[in-house]
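Novice: Chain A is fixed; fit chain B onto it per the hints.
There are 2 protein chains.
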Amino acid sequence: MISNFMYETPTTLVFGEGVIKELPNVLKKYGKNVLLTYGGGSIKKIGLYDEVYKLLKDFNIVELNGIEPNPKYDPSVINGAKLCKEYNIDVVLAVGGGSVLDCSKAIAACAKYDGEGWDLISGKVETKDALPLVDILTLAATGSEFDCGSVISYTAINDKRAYASPFIFPKVSFLDPRYTFSVSKWQTACGTADAMNHILESYFAKYDSILNNGMMMAGLKSLMHNVKIALEKPDDYDARAELMYTCTLACNGIFANGTGPSGWPMHSIEHALSAYFDITHGAGLAIITPRWMKEILSEKTLGKFVLLGKELFDIEVKNLKDAEKVIDAFYKFFESLGIPMHLKETGVDASKIDEMADHILEYDSTYGPHMYVNLDKAALVRILKESM
Amino acid sequence: MISNFMYETPTTLVFGEGVIKELPNVLKKYGKNVLLTYGGGSIKKIGLYDEVYKLLKDFNIVELNGIEPNPKYDPSVINGAKLCKEYNIDVVLAVGGGSVLDCSKAIAACAKYDGEGWDLISGKVETKDALPLVDILTLAATGSEFDCGSVISYTAINDKRAYASPFIFPKVSFLDPRYTFSVSKWQTACGTADAMNHILESYFAKYDSILNNGMMMAGLKSLMHNVKIALEKPDDYDARAELMYTCTLACNGIFANGTGPSGWPMHSIEHALSAYFDITHGAGLAIITPRWMKEILSEKTLGKFVLLGKELFDIEVKNLKDAEKVIDAFYKFFESLGIPMHLKETGVDASKIDEMADHILEYDSTYGPHMYVNLDKAALVRILKESM
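Taken in sequence, the protein lines are chains A and B. Per the numbering used here, the first sequence starts with residue 220, numbered consecutively. Per the numbering used here, the second sequence starts with residue 220, numbered consecutively.
Heads up, a few of these hints could be off.
Any copy, or any two copies together, can satisfy a pair, since identical chains are not distinguished.
Listed next, the in silico DSS-like pairs over lysine-lysine satisfying Cα-Cα at most 30 Å (straight line) [said to hold, decoys possible]: (1) Lys-519 x Lys-273; (2) Lys-537 x Lys-519; (3) Lys-347 x Lys-276; (4) Lys-343 x Lys-248; (5) Lys-343 x Lys-247; (6) Lys-529 x Lys-447; (7) Lys-251 x Lys-425; (8) Lys-537 x Lys-263; (9) Lys-519 x Lys-447.
No lab work stands behind these hints, which were simulated from the structure alone.
Chain A on its own, in the form it takes in the complex:
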């Protein structure tokens, strides 16, 4: 069944080798003054920084660099928005991965708002405008290049918010798979686990259809096949290209439209983990995934494991015991990517489990009609304990 849904993604994707030669033509529609945002400098190592400057020789570029993983409202968003106002910025150009994009989305919105930017991000004030945002993606993972969402932390007040608004869709996302050749094995594995989890969160939802199921299995198969090649041979263009396109679609909604509520429980749990321990998002998700699956496995959810078993692992699922084999296969798959499959190996302290469970229930309610399977505090504690 396809439940009611609304879908929009006005972002233009420009995909493939050499596509950023179109960058000046795209940017000039918006104006001459560009805020260039990036992270720790990997874009300099791969030559992309110089390439951008060469292409934009007729533009006025102002820079915001040093954007953090799990990007921060203070200082990055605040500083970026300030620069936009000070230099009359016409367009924000984000060059990087999901964190740089998320941060730049918030900057683009805060640049057009005169009050305290956090009011937009926290939803206290409705976002009504944003500067145009263009990006060059350098990491296949979050799908931020093809959605209107972002996740921003405000350390001073211990807050982390998922911020979304139709005004912060990128206008154009440039995806050249070559810029991901230098992504480390660790980030490649974690980015893929993140995208796999995006699909699984939507798959374990109230409804399904031949179309949705098939698209999601295609996405999972593509990720699982191509990540292996990319880990082995980081400059394999075809593998990087398919990983990149699949990650872009995985979080966009096109796979999940009409599947109805799921609640994204694994992300809810992971948000608490990374709030407390700054764990890599994709690694946290990979560790939680099989434990969450085990927790929700029941006659009600058994059907979901039949297709996963058949399509991904060649396991015929007839009963709960068979389904456990599928869960185990996910565990082994993530392990084979080099992800440590225990939270204690990532620095998470078991003594915080109770507190984290409360945090999840407070910030990401995992009980209610928006959930495919409800998780109360006891269930959350079990999942976290099993994940240790």
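Specialist: Below, chain B without anything else, positioned relative to chain A:
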């Protein structure tokens, strides 16, 4: 492999039972003056016409009705554009299937152009603006609700053009599957065949990937499963809903991005058929499909049949003979939908085959680097003869 591509679809989909209650909120963004376009009056029979008037009681509605299947520049596009100028229309509201949508796209563009509208459609003059277009879809088939293309005929000068421009993307497409309950068995079958063919045209392309292949197989499976239910039980909401969403995606590009050139040869052949004999588009495509497959079957194309055989018909393809079984299965499938599988049964006259082959080569060149498999005149004649 994923080849370079550009993708954009700014259209908002609003999908599901009862969604058109949002119509006034959507239209009022554009203005008060609405051009309502529709076809032969089926929207009156299903009560949609009255529903629209009730919802739009605060708007000024001007009507253009009687839009033809294979919509015509003269009179429909000309009259529609004239009404827009005369009544200061702010937004075009198309209510119908692919023909009404295609015609309304052309009207929206011509309304903003002072010269001869055909110059835009024929590509002589670049389209630089269009009125906003909103639609309520009543037929699952062409995918016009989620793309920027249209096909318009100009009978007086014997011309038929595929017209595309980013300005004619619908702003919002309302898709309520209930409005397709009354679609006849014939139109349901032909619409599904059309959408299947959209996927097959993209599938038989130069490149493929796990992702693209998987999404396309999901689309084909969804169409083939749900059309059977819809033919049996026309008011089965779930089947109609999945047919509708699958048709919407089938022609949009999201399945085909990065598969590289294919040339859409079956559509090229069908355009000649419907230019000469006004045959139903989907029926023409269903008849051509197995004959075209037979013509292009070779060691080079064999691989494409392996997946089709496995995923759709449970046929293991190891050699050309096995592939012929797959082709035969497509033939039988279309036949099972009630589509006569010989052109002579649809009124096509064999004496025109030579002329039609010339027409195809003139208007839709089927030889060159844009083709997955080249078709010269002899090949076109063979396909048409076999289809008789």
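Novice: Reference check for the pair Lys-347 and Lys-276, CA-CA at most 30 Å: within, between, both, or neither?
Specialist: between (32 Å within a copy, 29 Å between copies)
Novice: Treating 30 Å as the Cα threshold, decide for Lys-343 and Lys-248: within, between, both or neither.
Specialist: between (32 Å within a copy, 25 Å between copies)
Novice: Between Lys-537 and Lys-263, at a C-alpha cutoff of 30 Å, which is it: within one copy, between copies, both, or neither?
Specialist: Intra 53 Å, inter 50 Å, cutoff 30 Å: neither.
Novice: Between the shortest in-copy and the shortest cross-copy C-alpha distance, which are at most 30 Å for Lys-519 and Lys-273: within, between, both, or neither?
Specialist: For Lys-519 and Lys-273, the Cα distance exceeds 30 Å both inside one copy (58 Å) and across copies (43 Å).
Novice: When no copy is specified for Lys-537 and Lys-519, does a C-alpha distance of 30 Å or less occur within a copy, between copies, both, or neither?
Specialist: This pair counts as within: shortest intra-copy Cα distance 13 Å, inter-copy 40 Å.
Novice: Since the copies are identical, ignore which copy is meant and state whether Lys-343 and Lys-247 lie within 30 Å (CA to CA) inside a copy, between copies, both or neither.
Specialist: between (34 Å within a copy, 26 Å between copies)
Novice: Which holds for Lys-529 with Lys-447 at a C-alpha limit of 30 Å: within a copy, between copies, both or neither?
Specialist: The answer is both: 20 Å in one copy and 25 Å across copies each meet 30 Å.
Novice: At most 30 Å between alpha carbons: which applies to Lys-251 and Lys-425, within, between, both or neither?
Specialist: For Lys-251 and Lys-425, the Cα distance exceeds 30 Å both inside one copy (48 Å) and across copies (39 Å).
Novice: Are the CA atoms of Lys-519 and Lys-447 at most 30 Å apart within a copy, between copies, both, or neither?
Specialist: For Lys-519 and Lys-447, the Cα distance is within 30 Å only across copies (28 Å; inside one copy 33 Å).
Going through the hint list in order, the structure does not satisfy hints 1, 7, 8.
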